[in-house]
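For this one, chain A is given, so just place chain B on it according to the hints.
Protein chains: 2
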Amino acid sequence: MDIVPAPTSARHAKAVGQRRGLVIVHTGPGKGKSTAAFGLALRAHGRGLPVQIYQFMKVPTARFGEHRAFEALGMPIIGLGDGFSWKSRDLTHSAELARGGWERAEATVRAGAHALVVLDEITYPLRYGWVPLQPVLACLRERPAHVHVVLTGRDAPQELIDAADTVTHMGAVKHHFDAGVPAQRGIED
Amino acid sequence: MDIVPAPTSARHAKAVGQRRGLVIVHTGPGKGKSTAAFGLALRAHGRGLPVQIYQFMKVPTARFGEHRAFEALGMPIIGLGDGFSWKSRDLTHSAELARGGWERAEATVRAGAHALVVLDEITYPLRYGWVPLQPVLACLRERPAHVHVVLTGRDAPQELIDAADTVTHMGAVKHHFDAGVPAQRGIED
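Sequence order for the protein chains is A and B.
Here the first sequence stands for residues 19 to 207, numbered as in the working numbering.
Here the second sequence stands for residues 19 to 207, numbered as in the working numbering.
Check the hints yourself; a few may be wrong.
Pulled a few chain A residues facing chain B out of the computed Cβ check, cut under 7 Å [to be verified]: (1) Ala-54; (2) Leu-60; (3) Arg-86; (4) Ala-87; (5) His-111; (6) Ala-181; (7) Thr-184; (8) His-193; (9) Gly-204.
Straight-line Cα separation of at most 20 Å, SDA-like style, residue types lysine to any residue; simulated pairs [claimed, not checked]: (10) A:Lys-192 x B:Arg-37; (11) A:Lys-192 x B:Gly-189; (12) B:Lys-192 x A:Arg-37; (13) A:Lys-192 x B:Arg-38; (14) A:Lys-192 x B:Asp-173; (15) B:Lys-192 x A:Asp-173; (16) A:Lys-192 x B:Leu-158; (17) B:Lys-192 x A:Glu-177; (18) B:Lys-192 x A:Leu-158; (19) A:Lys-192 x B:Asp-180; (20) A:Lys-192 x B:Arg-159; (21) B:Lys-192 x A:Pro-175; (22) A:Lys-192 x B:Lys-192; (23) A:Lys-192 x B:Glu-177; (24) B:Lys-192 x A:Arg-159; (25) B:Lys-192 x A:Gln-176; (26) B:Lys-192 x A:Gly-189; (27) A:Lys-192 x B:Gln-176; (28) B:Lys-192 x A:Asp-180; (29) A:Lys-192 x B:Arg-172; (30) A:Lys-192 x A:Glu-206; (31) A:Lys-192 x B:Leu-155; (32) A:Lys-192 x B:Ile-179; (33) B:Lys-192 x A:Ala-181; (34) B:Lys-192 x A:Pro-47; (35) A:Lys-192 x B:Ala-190; (36) A:Lys-192 x B:Pro-47; (37) B:Lys-192 x A:Asp-183; (38) B:Lys-192 x A:Ala-190; (39) B:Lys-192 x A:Glu-206; (40) A:Lys-192 x B:Ala-181.
By construction, these hints were calculated from the structure, which means they are not laboratory data.
Idealized CB from N, CA, C, for every residue including glycine.
If we strip away everything but chain A, and leave its shape as in the complex, we get (with noise of 0.2 Å):
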């Protein structure tokens, strides 16, 4: 039989003291990236911590089902995009809306009034080259101590992953969508 450690680690019980901000990044092909932030976004919300979920890809008027029980809980997810993608029509007005997004993070990031703030899908107008990575190296660099900072996204550039502290790559083993099994409401919205 092959033992694994409990998910509580005697490393975690020990360590538990010292406290900083930590750049927490989820990246790779498969799912679990957004989830996982809005599940950290949760505890720390549940820890009575102030949380702030910024959306790169998403419009402000996005409904799934997330932005529902965040709203319901009093912490509305802000998009900050068009659901542009690479494939947009006017990548210029997309490009101006993302870097318009990202000054508004960085300003929360930045404030250090929330202690977790979260980058979802951040990655796509890093990878588009519509907004600069070293500044928001800089912002991380240059951010309140206290603040945690989750980024997601496929294919974080390298330079993100040197900075965080902690890196989840999420891989794709399976995917129901390739065997033709469609997207499930509620599940992927």
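Below, chain B without anything else, positioned relative to chain A:
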């Protein structure tokens, strides 16, 4: 520039329509297995779907952030364990408790009253030999067609991966514990 697909893909958009329950597995050594399950539960709850979350490694009295937040949402997490691990002193009692917990979870999955059932950290009692795998696979096979089940934990058995629709392997690219940074309240618990 490395072009990556936008998170809401065409195959997703095209796929919407047919509905059926999914078996989703979050495994691997990285962070995010349970938090991604909590994010899915939150999303489903936001869509008005009835959700039940069971935790096989947590005591019923656990009061981590997720317990407080889901309680506030009116969907309390049910802890089925005694905080046991393979290091527990009284393994007989832990094994009995795990089997009783599985019976309770199985009844919920088979009843079909919940659109989503989360079996958090179930791979540990499976790996410790406290809950036999075959009844779990039978329950997943025979469950009502509309029921989504999310199973989490390290080192998921291959038969469980084979039975799943969607499997994400959370790989630990980097972990702050390994840099001597301790657990952070509201992030780890």
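Comparing the hints with the structure gives:
no., hint, in the structure
1, Ala-54, "holds (4 Å)"
2, Leu-60, "holds (5 Å)"
3, Arg-86, "holds (4 Å)"
4, Ala-87, "holds (3 Å)"
5, His-111, "violated (16 Å)"
6, Ala-181, "violated (10 Å)"
7, Thr-184, "holds (5 Å)"
8, His-193, "holds (5 Å)"
9, Gly-204, "holds (4 Å)"
10, A:Lys-192 x B:Arg-37, "holds (18 Å)"
11, A:Lys-192 x B:Gly-189, "holds (15 Å)"
12, B:Lys-192 x A:Arg-37, "holds (18 Å)"
13, A:Lys-192 x B:Arg-38, "holds (17 Å)"
14, A:Lys-192 x B:Asp-173, "holds (15 Å)"
15, B:Lys-192 x A:Asp-173, "holds (15 Å)"
16, A:Lys-192 x B:Leu-158, "holds (17 Å)"
17, B:Lys-192 x A:Glu-177, "holds (13 Å)"
18, B:Lys-192 x A:Leu-158, "holds (17 Å)"
19, A:Lys-192 x B:Asp-180, "holds (9 Å)"
20, A:Lys-192 x B:Arg-159, "holds (18 Å)"
21, B:Lys-192 x A:Pro-175, "holds (14 Å)"
22, A:Lys-192 x B:Lys-192, "violated (23 Å)"
23, A:Lys-192 x B:Glu-177, "holds (13 Å)"
24, B:Lys-192 x A:Arg-159, "holds (18 Å)"
25, B:Lys-192 x A:Gln-176, "holds (12 Å)"
26, B:Lys-192 x A:Gly-189, "holds (15 Å)"
27, A:Lys-192 x B:Gln-176, "holds (12 Å)"
28, B:Lys-192 x A:Asp-180, "holds (9 Å)"
29, A:Lys-192 x B:Arg-172, "holds (16 Å)"
30, A:Lys-192 x A:Glu-206, "holds (15 Å)"
31, A:Lys-192 x B:Leu-155, "holds (17 Å)"
32, A:Lys-192 x B:Ile-179, "holds (8 Å)"
33, B:Lys-192 x A:Ala-181, "holds (11 Å)"
34, B:Lys-192 x A:Pro-47, "holds (17 Å)"
35, A:Lys-192 x B:Ala-190, "holds (18 Å)"
36, A:Lys-192 x B:Pro-47, "holds (17 Å)"
37, B:Lys-192 x A:Asp-183, "holds (7 Å)"
38, B:Lys-192 x A:Ala-190, "holds (18 Å)"
39, B:Lys-192 x A:Glu-206, "violated (27 Å)"
40, A:Lys-192 x B:Ala-181, "holds (11 Å)"
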